[in-house]
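Those protein sequence lines, which keep their order, are chains R and W.
The first sequence: position 15 = 15 (our numbering), numbered continuously.
The second sequence: position 24 = 1024 (our numbering), numbered continuously.
Errors might be hidden in some of the hints.
With a Cα cut of at most 25 Å, we get these calculated SDA-like pairs of lysine to any residue [said to hold, decoys possible]:
#1 R:Lys134 <-> W:Arg1166
#2 R:Lys180 <-> W:Lys1134
#3 W:Lys1134 <-> R:Pro15
#4 R:Lys129 <-> W:Lys1186
#5 W:Lys1129 <-> R:Lys129
#6 R:Lys180 <-> R:Arg166
#7 W:Lys1186 <-> R:Lys45
#8 R:Lys173 <-> W:Arg1202
#9 W:Lys1186 <-> R:Arg198
#10 W:Lys1134 <-> R:Val16
#11 R:Lys45 <-> W:Leu1082
Think of the hints as simulated: they come from the structure by calculation, not from any bench.
Residue-level listing of the chains:
2 protein chains.
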Amino acid sequence: MRIEEFLDALASGAPVPGGGGASALGGALGSALGQMVANLTVGKKKYACWEGEIRELLGQLGRLQRRFLELAREDEEVFAPLAEAYRLPASKEEERAFKEQVMEKCLLDASLVPLEVMRAGLETLDILKVLEEKGSVMAVSDVGVGAQLARASVAGAAMNVRINTRSMKDRGKAEELNRKADEMLKRGMEQADAVYERILLRLS
Amino acid sequence: MRIEEFLDALASGAPVPGGGGASALGGALGSALGQMVANLTVGKKKYACWEGEIRELLGQLGRLQRRFLELAREDEEVFAPLAEAYRLPASKEEERAFKEQVMEKCLLDASLVPLEVMRAGLETLDILKVLEEKGSVMAVSDVGVGAQLARASVAGAAMNVRINTRSMKDRGKAEELNRKADEMLKRGMEQADAVYERILLRLS
């Protein structure tokens, strides 16, 4: 899809794409920036000592970029049945029971995808931290931008976990997912802010 | 340009697109999400009391989305001559003087574009704050995601101001631009974090 088309579809009131897809795309931008830094580092004499490690990270970031795009698509796939489930009738007792059962399954699916976006965001941030230390100094500002975009993917996806778990009837499961999201959110923000602050200091 | 193409161009070692374009695209995603929330709010009886205001914000966000894409293009336009200027010869005295003069102009141009991205990011955050209060509660998580992406555009662009001003010879001008960037960075982060925290609390 063209960038303008995606933005216009996002801006519309259509059910998808939404915040889930936008978070995943933010992560894809962050992992692409990491690759750019790695590409500007490999093959340079100055960084030859960790050439192998940077090449390895380059491959991992490429897989993360594809994973984020996959997750953006999955987010659309799990949202469509959820939007339909909301519209199921619930005037009779057996209708209510059926709707609740369908909703529960859809809400769980719609919570698991943003949790995966958070996981991919954290992996991206781990790699950006290494690139902050070992990547080309010429591109250090791009590591900082990448960290901010990966941070947005983690924090954005946390919103989508919350909006779905809050309607789940199985509160035990909901709280388990919330705890996972909270833990990843805290870790992602700390990691991103530390990388960003250090780079800001280096550029000051 | 298609999304995958842009990501692959970003991931490559080519001089453009880079962190500047990625920051601008983050802002475009944030303003598109704001429009989505506004579109889900207008025409609903529940929000009829501020229909006019939301319609006005919808138009502003549309203009901001286009502005971000324009700035992404401008960022490429100002980076190309800068990359060339870095390669100018500087072995003789008059070559050095000429190179310095060209560099200074290019660095200034390359600092002004990300400052504009920061400005557009702040405007987006101001509108998202209103949507947090007056937008459809059904889409409140999308306001939070939008705030994170707009935050990334502000903080990401601040990196690009810094990386360019640090090489400027005119330190007075450089410090003036840095002060502007610092002030906007602080304001953008505070605004985004406040909106995000309040929404997280509402979803808990």
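Against the structure, the hints come out as follows:
no.: 1; hint: R:Lys134 <-> W:Arg1166; verdict: holds, 21 Å
no.: 2; hint: R:Lys180 <-> W:Lys1134; verdict: violated, 30 Å
no.: 3; hint: W:Lys1134 <-> R:Pro15; verdict: holds, 20 Å
no.: 4; hint: R:Lys129 <-> W:Lys1186; verdict: holds, 23 Å
no.: 5; hint: W:Lys1129 <-> R:Lys129; verdict: violated, 31 Å
no.: 6; hint: R:Lys180 <-> R:Arg166; verdict: holds, 14 Å
no.: 7; hint: W:Lys1186 <-> R:Lys45; verdict: violated, 38 Å
no.: 8; hint: R:Lys173 <-> W:Arg1202; verdict: holds, 20 Å
no.: 9; hint: W:Lys1186 <-> R:Arg198; verdict: holds, 16 Å
no.: 10; hint: W:Lys1134 <-> R:Val16; verdict: holds, 22 Å
no.: 11; hint: R:Lys45 <-> W:Leu1082; verdict: holds, 24 Å
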